[in-house]
Amino acid sequence: METIRNYLETMFANLPATREVLRAKEELWSMMEDKYQELIQDGKCTNEAIGTVIAEFGNLDELADTLGLSSCYTTVSKVEGEVVSEKEFKKTKSKESAKSFAAYTVNDNIDLNSNERIIYREDAERFVMDYSKHRTMLGFGVMFCIVSVAGPILFDALNNLIGMDMFEGVGVGVMFLCVAIGVGLIIMSNSFMSDWKFLKEENCKLDYETKENIMIEKDYYRPLSKISLAIGVACCIISIVPMAIMDSMFGSFFPYMSEGVGPASMFLLVGVGVLFIITSNAKVGAYNKLGAVNSGSNKEN
Amino acid sequence: MVEISSDVIRGYNDTMILFILMSEPSYGYEISKKIRVLSNDKYIIKETTLYSAFNRMLKNGYVEAYYQSAENGKKRTYYRITELGKSYYKDKCEEWKLTKEVVENFIGGDN
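If you're matching them up, the sequences are chains A and B in order.
Residue 90 in my numbering is what sits at position 90 of the first sequence, and the numbering runs on without skipping anything.
Quick note: to get my numbering, add 301 to the position in the second sequence (first position is 1).
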């Protein structure tokens, strides 16, 4: 019986000690025990019984899907009775069974040894998407706020062009409209992150495969992010240019251009520039945040 | 020696378990034993396969689980079929009949 128990423990040694995993281990043990008892009762000798139970056990890959684990946890190779994992994993000493028959909840993903919540690949991918959407919406929101000033400038200059005051109110109205849209977008952008509050509140860690993937994807997106940032900064810097050009070209001949369109386009360019700057951090920022989740807790990496 | 294709049998593990549960609730090893006996020793289901099936069917609502203590005090997880499970079982029976009918057309006879 010891032998069988040891076999089971070894098979499960590399798996994170979540409730679901422990539940599986207990049930499998119960089945193996029953099978062994009956084989002995049928008259088989201990070695034969043990051999049969182990041979008919199966492999953990089947369990990987059921338990929601990536199969890299369960790929093991046996070397002379010793189980050696193909990749290096954090070895968790399995605890004794979780006695309660808990419902299938989010809590099943907690590593009971270190009390951390495990984040798998699907979660990480969703996080990156949500974070990107959040940054994009935030970027647009800020852009609208910045651009809002262009409204009164344009319409004020238009007033001067026509010589009447009819557009003054319109300009201010456009400004407030833009600010309203902008602030609305900024507030809505936060809704994307509401699912992920737990990342700050709870202790979390990434599973091994996810951590590796994050590094790869971050490197892939880094150039794009730098380009976006460069475009953004460039826009902000050259925002002065249209105004300067218009000023020197049209000067006091055509004040609509130099005092209206010129300054307005400056704000427009700055707005677009800031949008690029904010969104440049979308993907890479997400990966950095995920990476930071692990660094506090995992010392063996 | 010809053996059962694991791909084919994988599709019917649930069906076999549900058939056994149609008569009465049962627990892990007892179900595994009944599968072996009913298949005339031609199919021995692995423990991991069996557990995966239980887990899957629990999540799909085809079975329910509960604890029961045996006479010797051992606490076992018993599984019981649900109405949804019964209807799923019927569907799988129909599916098998259709599959058998279709494949039979392509199987060479012994003559």
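Treat the hints with care, since some could be wrong.
Taking lysine to aspartate or glutamate and the DMTMM-like style, the derived pairs with C-alpha atoms no more than 20 angstroms apart in a straight line are [said to hold, decoys possible]: (1) 347/B with 61/A; (2) 360/B with 315/B; (3) 347/B with 62/A.
No lab work stands behind these hints, which were simulated from the structure alone.
Evaluation of the provided hints:
The hinted pair formed by residue 347/B and residue 61/A meets the criterion: a straight-line CA distance of about 12 angstroms does not exceed 20 angstroms. Taken as a hint, the residue 360/B and residue 315/B pair is honoured in the structure, with Cα atoms around 13 angstroms apart against an allowance of 20 angstroms. Between residue 347/B and residue 62/A the CA atoms are separated by roughly 10 angstroms; this keeps the pair inside 20 angstroms, and the hint holds.
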